[in-house]
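Colleague: Residue strings, one per chain:
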Amino acid sequence: MMTTSVMHDRFGAFGGRYVPETLVPALEALDRAFDEAMRDPAFTAELESLLATYVGRPSPLSSAPRFSELIGAPVYLKREDLNHTGAHKINNTVGQALLARRMGKRRIIAETGAGQHGVATATVCARFGLQCVVYMGEEDMRRQALNVFRMRLMGAEVRAVTSGTRTLKDATSEAIRDWVTNVTDSHYIIGSVVGPAPYPRMVRDFQSVIGREARAQMLETAGRLPATVVACVGGGSNAMGIFHPFVDDTEVELIGVEAAGEGLDTERHAASLSRGRPGVLHGTLSYLLQDAAGQVHPAHSVSAGLDYPGVGPEHSYLKDSGRATYVAVTDAEALDGFRLLSQLEGIIPALETAHAVAWVAGNRGRWRADAPVLLCVSGRGDKDVMQVSELLADQP
Amino acid sequence: MASESATISSDPFARRFAALRARGRKALVVYVTAGHPDRERSLALLHAVAASGADVVELGIPFSDPLADGPVIQASSQRALEGGMTFDGALELIARASLDVPVVLFTYLNPLLAAGRDALDRAAQAGAHGLLVTDLPVGADPALEARLGAGPLAFVRLVAPTTPAPRMAEIARHGSGFVYLISRLGVTGERNDIAAELPETVARLRAATTLPICVGFGISRPDQAAAVGRIADGIVVGSAVVRAADESVERAAALVASLRAGLDG
Numbered sequence: 001m002m003t004t005s006v007m008h009d010r011f012g013a014f015g016g017r018y019v020p021e022t023l024v025p026a027l028e029a030l031d032r033a034f035d036e037a038m039r040d041p042a043f044t045a046e047l048e049s050l051l052a053t054y055v056g057r058p059s060p061l062s063s064a065p066r067f068s069e070l071i072g073a074p075v076y077l078k079r080e081d082l083n084h085t086g087a088h089k090i091n092n093t094v095g096q097a098l099l100a101r102r103m104g105k106r107r108i109i110a111e112t113g114a115g116q117h118g119v120a121t122a123t124v125c126a127r128f129g130l131q132c133v134v135y136m137g138e139e140d141m142r143r144q145a146l147n148v149f150r151m152r153l154m155g156a157e158v159r160a161v162t163s164g165t166r167t168l169k170d171a172t173s174e175a176i177r178d179w180v181t182n183v184t185d186s187h188y189i190i191g192s193v194v195g196p197a198p199y200p201r202m203v204r205d206f207q208s209v210i211g212r213e214a215r216a217q218m219l220e221t222a223g224r225l226p227a228t229v230v231a232c233v234g235g236g237s238n239a240m241g242i243f244h245p246f247v248d249d250t251e252v253e254l255i256g257v258e259a260a261g262e263g264l265d266t267e268r269h270a271a272s273l274s275r276g277r278p279g280v281l282h283g284t285l286s287y288l289l290q291d292a293a294g295q296v297h298p299a300h301s302v303s304a305g306l307d308y309p310g311v312g313p314e315h316s317y318l319k320d321s322g323r324a325t326y327v328a329v330t331d332a333e334a335l336d337g338f339r340l341l342s343q344l345e346g347i348i349p350a351l352e353t354a355h356a357v358a359w360v361a362g363n364r365g366r367w368r369a370d371a372p373v374l375l376c377v378s379g380r381g382d383k384d385v386m387q388v389s390e391l392l393a394d395q396p
Numbered sequence: 397m398a399s400e401s402a403t404i405s406s407d408p409f410a411r412r413f414a415a416l417r418a419r420g421r422k423a424l425v426v427y428v429t430a431g432h433p434d435r436e437r438s439l440a441l442l443h444a445v446a447a448s449g450a451d452v453v454e455l456g457i458p459f460s461d462p463l464a465d466g467p468v469i470q471a472s473s474q475r476a477l478e479g480g481m482t483f484d485g486a487l488e489l490i491a492r493a494s495l496d497v498p499v500v501l502f503t504y505l506n507p508l509l510a511a512g513r514d515a516l517d518r519a520a521q522a523g524a525h526g527l528l529v530t531d532l533p534v535g536a537d538p539a540l541e542a543r544l545g546a547g548p549l550a551f552v553r554l555v556a557p558t559t560p561a562p563r564m565a566e567i568a569r570h571g572s573g574f575v576y577l578i579s580r581l582g583v584t585g586e587r588n589d590i591a592a593e594l595p596e597t598v599a600r601l602r603a604a605t606t607l608p609i610c611v612g613f614g615i616s617r618p619d620q621a622a623a624v625g626r627i628a629d630g631i632v633v634g635s636a637v638v639r640a641a642d643e644s645v646e647r648a649a650a651l652v653a654s655l656r657a658g659l660d661g
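Same order as they appear, the protein sequences are chains A and B. The numbering of the first sequence is the numbering used here, which starts it at 1 and goes up by one. The numbering of the second sequence is the numbering used here, which starts it at 397 and goes up by one.
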């Protein structure tokens, strides 16, 4: 039974499979099914075809002339905001839905915070005729009523989570509880590079299409690799997806931008890597916001998609090994980033993405004209305009 | 009693189960959440549960994100945390209660890790006898499991209905005290029916281990206790007792006494 090697499960010391016993056989089966599928040319061909004809890949690499002029270095934007459903999330849900179908699972479970992953899951479930149950914190359902409507429109059942902080953390716990109960006929589509093995590796591999495309597009467009790759990090799936194909290019700097919320020195932020310490939540060992007694500390960010107290274990490994650097920007700075990309490039970014934009714009001294910056636009900001219009009410 | 058991046998569970077997009885294992409904009533509840016929007490360390638990134990954990309960607060309860039945610490991994490397030594000193970690399945972290297994507490491991037979043997080899068999898929909580495949699962587990087998999840009534007691060495009742304790300690004690009566036929 114990055939899965420790290395296969882990990123350095991080990761693993810290779950109730009931789920262990299912995770082992998923691990095997994923590896078999990725070696099966018919599976990868169908995945590539769907990414091209349904998601709209490859997503473009845009130059950003006015943003570039502002910081004094060429900036390239990887446009995940142009995907079907408006964010990178669908890269993963298409892959996992194909895998679920291959495993004979007809019922899909997902968790969602802002609703982007829930919408991306409901979308592929409609496309493949799978039953879909999405867990969403009661508080988030209120804040993102439009996404709740989208999910229901596509046939998903959205279940309100009323336990704990009523946000993404608790929705994830509730999704895992459903999976423990219905593990024989259900597949759980986790939305980020978090959770027990094999999820962090599997979600990374499905999201790596971002980095593979961007790497080739940089070589074609700029004639070289980027000097720096920047992406926002909540759970960290868009960052892992764009970082992964560059990890072996050691001359390429990798920067993940976390949410500093109201400030890193306050109690209200979501910067697990910057301010957390290793701990176990939702089946994985990784940096975690927690108190001295090991109780998980609620996260805060203006951006619901970054509002998670944990982070993908591979990011913890990249941090400790020094291969990637993690920084954080506040809610206020992110709102500046949101406006800045809208005004300079005509691209309204998701509030999550706005954190990465803000960090690039806010560190002007470090950029050089001969060192291109690749920035992952993880999603579009349509979902956020209502919230931002309220926050910026007195600043036109 | 705790010091006496230490001199007679290194394993208080072995002695307890042997004594039960000699009398033709099955073990009643009762779960309560440390600090629920509050610190003082939690202490009273420990005494009441032991006095009403529990053979083993599982004391739950409350955790902010109890993903293996249903609504009743989730709510009790949240309430205990709001009352300031911690790992060492739970140890203090054990020490103050000084029960004459073995106590198993029932915890999620993260609060245990946060309690430090000498956590189990402190627990043994306080009078705990066993450890059960909900989210540390066998093989998940061999180095950590070896360290916990080498400590002063019996290491109770869990088997699920989904566990294949070869893995059952593997789990039993890495455990001590008794084996906790989860009766059905899902989280903790009361159910009307006992899972139909339970006798078969118990039989498979029986073939894989000589450790006593206690069955938990979904048992709340005397008739269920009796039915499961006929096939296993013991039963575990949690949510039903915690829910009763929400009303009063007396109510919980009465439930434990009725389960004892059901189990003893």
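Take these hints with a grain of salt, some might be off.
To be verified - Derived CB-CB ranges, DEER-like: (1) B:N588 x A:L146: 47 to 55 Å; (2) B:A565 x A:A332: 39 to 47 Å; (3) A:Q131 x B:D619: 53 to 61 Å; (4) B:P467 x A:H8: 51 to 59 Å; (5) B:P595 x A:F149: 56 to 64 Å; (6) B:P538 x A:A45: 36 to 44 Å; (7) A:A332 x B:D496: 54 to 62 Å; (8) B:S654 x A:E390: 42 to 50 Å; (9) B:P562 x A:A371: 52 to 60 Å; (10) A:G12 x B:R569: 26 to 34 Å; (11) B:D514 x A:G56: 22 to 30 Å; (12) B:N588 x A:A160: 53 to 61 Å; (13) A:T250 x B:P595: 53 to 61 Å; (14) A:R142 x B:N588: 51 to 59 Å.
Unchecked claim - Not close to chain B: a few residues of chain A, all C-beta gaps over 10 Å, as computed: (15) R17; (16) V19; (17) E21; (18) T22; (19) L23; (20) P25; (21) Q131; (22) D170; (23) R177; (24) G294; (25) E333; (26) A369.
To be verified - Cβ-to-Cβ under 8 Å is the rule here; a few derived chain B residues that face chain A: (27) L416; (28) F459; (29) A464; (30) Q470; (31) L477; (32) E478; (33) T482; (34) D537; (35) L544; (36) T559; (37) S572; (38) G582; (39) V583; (40) V598.
Quick caveat, the hints were computed from the structure, so don't treat them as lab data. Where a beta carbon is used, it is the ideal one built from N, C-alpha and C, also for glycine.
Colleague: Compare the structure with each hint and give your call.
Modeller: Going through the hints against the structure:
no.	hint	in the structure
1	B:N588 x A:L146: 47 to 55 Å	violated, 40 Å
2	B:A565 x A:A332: 39 to 47 Å	violated, 58 Å
3	A:Q131 x B:D619: 53 to 61 Å	violated, 35 Å
4	B:P467 x A:H8: 51 to 59 Å	violated, 36 Å
5	B:P595 x A:F149: 56 to 64 Å	violated, 48 Å
6	B:P538 x A:A45: 36 to 44 Å	holds, 39 Å
7	A:A332 x B:D496: 54 to 62 Å	holds, 60 Å
8	B:S654 x A:E390: 42 to 50 Å	violated, 56 Å
9	B:P562 x A:A371: 52 to 60 Å	holds, 55 Å
10	A:G12 x B:R569: 26 to 34 Å	holds, 28 Å
11	B:D514 x A:G56: 22 to 30 Å	violated, 56 Å
12	B:N588 x A:A160: 53 to 61 Å	violated, 25 Å
13	A:T250 x B:P595: 53 to 61 Å	holds, 59 Å
14	A:R142 x B:N588: 51 to 59 Å	violated, 34 Å
15	R17	violated, 5 Å
16	V19	violated, 6 Å
17	E21	violated, 4 Å
18	T22	violated, 4 Å
19	L23	violated, 8 Å
20	P25	violated, 5 Å
21	Q131	holds, 18 Å
22	D170	violated, 8 Å
23	R177	violated, 5 Å
24	G294	violated, 3 Å
25	E333	holds, 29 Å
26	A369	holds, 47 Å
27	L416	violated, 25 Å
28	F459	holds, 7 Å
29	A464	holds, 5 Å
30	Q470	holds, 6 Å
31	L477	holds, 6 Å
32	E478	violated, 11 Å
33	T482	holds, 5 Å
34	D537	holds, 6 Å
35	L544	violated, 13 Å
36	T559	holds, 6 Å
37	S572	violated, 16 Å
38	G582	holds, 4 Å
39	V583	holds, 5 Å
40	V598	violated, 16 Å
Checked against the numbered hints above, the structure violates hints 1, 2, 3, 4, 5, 8, 11, 12, 14, 15, 16, 17, 18, 19, 20, 22, 23, 24, 27, 32, 35, 37, 40; every other hint is satisfied.
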